[in-house]
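For chain A, the structure is supplied; the task is to place chains B and C on it using the hints.
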Amino acid sequence: MQIHQQQLTLRAYPRGFHLITDEINACLGPVREWKSGICNLFIQHTSASLTINENADPTVRRDFETYFNKAVPENDPDYLHNDEGSDDMPAHLKASLMGASLNVPIRNGKLALGTWQGVYLCEHRNYGGQRKLLITAWGN
Amino acid sequence: MQIHQQQLTLRAYPRGFHLITDEINACLGPVREWKSGICNLFIQHTSASLTINENADPTVRRDFETYFNKAVPENDPDYLHNDEGSDDMPAHLKASLMGASLNVPIRNGKLALGTWQGVYLCEHRNYGGQRKLLITAWGN
Amino acid sequence: MQIHQQQLTLRAYPRGFHLITDEINACLGPVREWKSGICNLFIQHTSASLTINENADPTVRRDFETYFNKAVPENDPDYLHNDEGSDDMPAHLKASLMGASLNVPIRNGKLALGTWQGVYLCEHRNYGGQRKLLITAWGN
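Residue numbers (the working numbering), protein chains in the order written: chain A, 19 to 158; chain B, 19 to 158; chain C, 19 to 158.
In isolation and in its complexed conformation, chain A is listed as follows (with noise of 0.2 Å):
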């Protein structure tokens, strides 16, 4: 059993739900030459996060941004935590509904998506800048 750990720096996304599976991918390295394993995807922030869905309309993703801003609407009068704008408390909740990491299983050298699957980095604050993702793969 072999381990690869990689950090990938996603340049700046807008606010939004983006695709990024091409960008893992051509983290694998000697992944590549595995028979079976997992890949973990772990982003080290807290306004920002991971989630797998369609993979080919784009309407999907700009659905996905219009359910979770009513879902986690900003300016509630509750919130206690504004420091940084109305996109501030709103982007830690949603990044904890969707999570900080992906476990995708390796299968004969690749990510074992299914056909329809990808990989999306949601973006919650407005201006995010560049996000750290560590890659993390065993297996052999």
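Source of the hints: derived by calculation from the structure; they are not laboratory data. Since we're looking at a predicted model, the values are computed, not measured. Take these hints with a grain of salt, some might be off.
Identical copies carry no separate label here, and so any pair may be met within one copy or between two of them.
Stated by the list, open to error - Think about it this way: if two alpha-carbon atoms lie no more than 30 Å apart in a straight line, the pair counts; the simulated DSSO-like pairs of lysine-lysine are:
1. Lys-53 with Lys-128
2. Lys-150 with Lys-53
3. Lys-128 with Lys-150
Just chains B and C now, kept in the frame of chain A:
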């Protein structure tokens, strides 16, 4: 450290939340000889998901369906992605709220679930059909 | 590749969101000698959960409690499962929204959390009591 990977195709379940712990246990194979490890369950779809919750009272699973139908409404006029019907976009959203994978520890050859924990298939489509899981366990 | 598995019983916390990063760090044992790996944290309950979020301003954790109480209301007359009081079914739902496990990368013998990231125990019951975690780490 060993690795065990196996596909599991679940029969078509109706929309709702369903206990599938027994189906997972039937796939553990060599894992039953391990002292400790992890079992990753990964669903290769974007409109069904996996979670862990109460394994006893079936009303919990019915209340899950009730709650998520309210929290992620159908027929929101703001949805752009409606190609496959009113359950289409809500299914994608619910899938990301719950997540495509679980990681359950292995201890003494078994899933180390708590007394009241079971694995749920969350079927978010009206007619989702069979669902493919990839089970990957590692340990020794 | 080595594996380290250890149980951790958390003291009874009040309902709400609580930083437990220090309690996790105290259980790393041999993991402190590893260059890279993953640490899985698994809570063996269905009415408490784990997430990663901001480790600094305590108002973030209070806003988490405020938000989730609105997003998952108590006393919905449609709930069927009410045996243990008004916090019973909402606790199950919140537990699945957040999830029962986390996977945090290990780098140079430490949890590779981002600067602002901490591990939260999410206690969804009024009187949840002690909570059992199973910590499983692998790496080398």
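Hints, one by one, checked against the model:
1. In this homomeric assembly, Lys-53 and Lys-128 come within 30 Å of each other (Cα to Cα) both inside a single copy, at 9 Å, and across copies, at 24 Å.
2. For the identical chains of this complex, Lys-150 and Lys-53 are neighbours both inside a copy (28 Å) and across copies (19 Å), given an alpha-carbon limit of 30 Å.
3. For the homomeric pair Lys-128 and Lys-150, the shortest alpha-carbon distances inside one copy (22 Å) and between copies (17 Å) are both at most 30 Å.
Of the hints listed earlier, there is not a single one the structure fails to meet.
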